[in-house]
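Chains as they are written, first to last, in our numbering: chain W, 1 to 154; chain D, 1001 to 1082.
Calculated from the structure, these hints are not laboratory results.
Check the hints yourself; a few may be wrong.
[To be verified] Derived list of chain D stretches under chain W, where covered just means 3 residues or more per stretch with a C-beta under 8 Å from a C-beta of chain W:
{"id": "1", "segment": "1039-1048"}
{"id": "2", "segment": "1066-1079"}
[Unchecked claim] Only pairs whose alpha carbons sit at most 35 Å apart, straight line, appear in this in silico DSBU-like list of lysine-lysine:
{"id": "3", "chain 1": "W", "residue 1": "Lys-127", "chain 2": "D", "residue 2": "Lys-1003"}
{"id": "4", "chain 1": "D", "residue 1": "Lys-1031", "chain 2": "W", "residue 2": "Lys-2"}
{"id": "5", "chain 1": "W", "residue 1": "Lys-121", "chain 2": "D", "residue 2": "Lys-1003"}
{"id": "6", "chain 1": "D", "residue 1": "Lys-1031", "chain 2": "W", "residue 2": "Lys-140"}
{"id": "7", "chain 1": "W", "residue 1": "Lys-127", "chain 2": "D", "residue 2": "Lys-1031"}
Glycine included, C-beta positions come from ideal geometry on N, C-alpha and C.
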Amino acid sequence: MKPTIRIQTEDFDLGAEYQLLRQLDAAVGAVVTFTGLVRDLEKESSINSLTLQHYPGMTESLLQDIVDQAAARWDLIGLTVIHRVGELLPSDQIVFVGVASQHRADAFEAAQFVMDYLKTKATFWKKVEQDGQQHWVESKDSDQAASQRWANDD
Amino acid sequence: MIKLLFFGRLGDFAEGVAPNIEARADLTPAKIRDQLAADHPALFAELSQPQVLISLNQMVVGWEQPVFDGAELAFLPPVTGG
């Protein structure tokens, strides 16, 4: 299994990441990709920008741990996680998860698992600027529930 | 010395907190938090929220874990990445 984990300020190219996964091995029969974007968090007014903070070193280790768990759980050929940090604007790409496997079920499930765990376990924090005011985004119970179901699955 | 880090919203409450504290015997994250109460009551209240996790040298630990000289102690509010 080839893992790729990157935390970066610069944007990423969805097509290029897909091609890397596709070309990993002749056994690849399925590639699932997920891309998370900056969206308007509040319905009433749109956001001006979003800043992502992380804990250098620890965040990479936590992502590695999530990738290792996915590799132990599903039959995977490649798994790429890219997360951006710094200041982002509405519609910017934030996160990429791409999974290559022989069969689609492994790729679909592993991609969802990685995203659910990333959202509840990886040390990233979002701050939103809206109408000249800044505030930190609150964590969501629905994300905790999504993460929890993988723990109950065993 | 022990290095203190405050992430996310905790960083806003930690303005003016010294980035390092002196190491001494029997120190724990709970004692370090309590030490901050007098000068930084708002920060102390935030750190006392049950959702706040702590890491020691980048590993999540409990509040009673011994903290030794040279350690990096981080206070982590609930994460919101992705």
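Hints versus structure:
no. : hint                   : in the structure
1   : 1039-1048              : violated (count 0)
2   : 1066-1079              : holds (count 5)
3   : W/Lys-127 - D/Lys-1003 : holds (24 Å)
4   : D/Lys-1031 - W/Lys-2   : violated (43 Å)
5   : W/Lys-121 - D/Lys-1003 : holds (23 Å)
6   : D/Lys-1031 - W/Lys-140 : holds (30 Å)
7   : W/Lys-127 - D/Lys-1031 : holds (29 Å)
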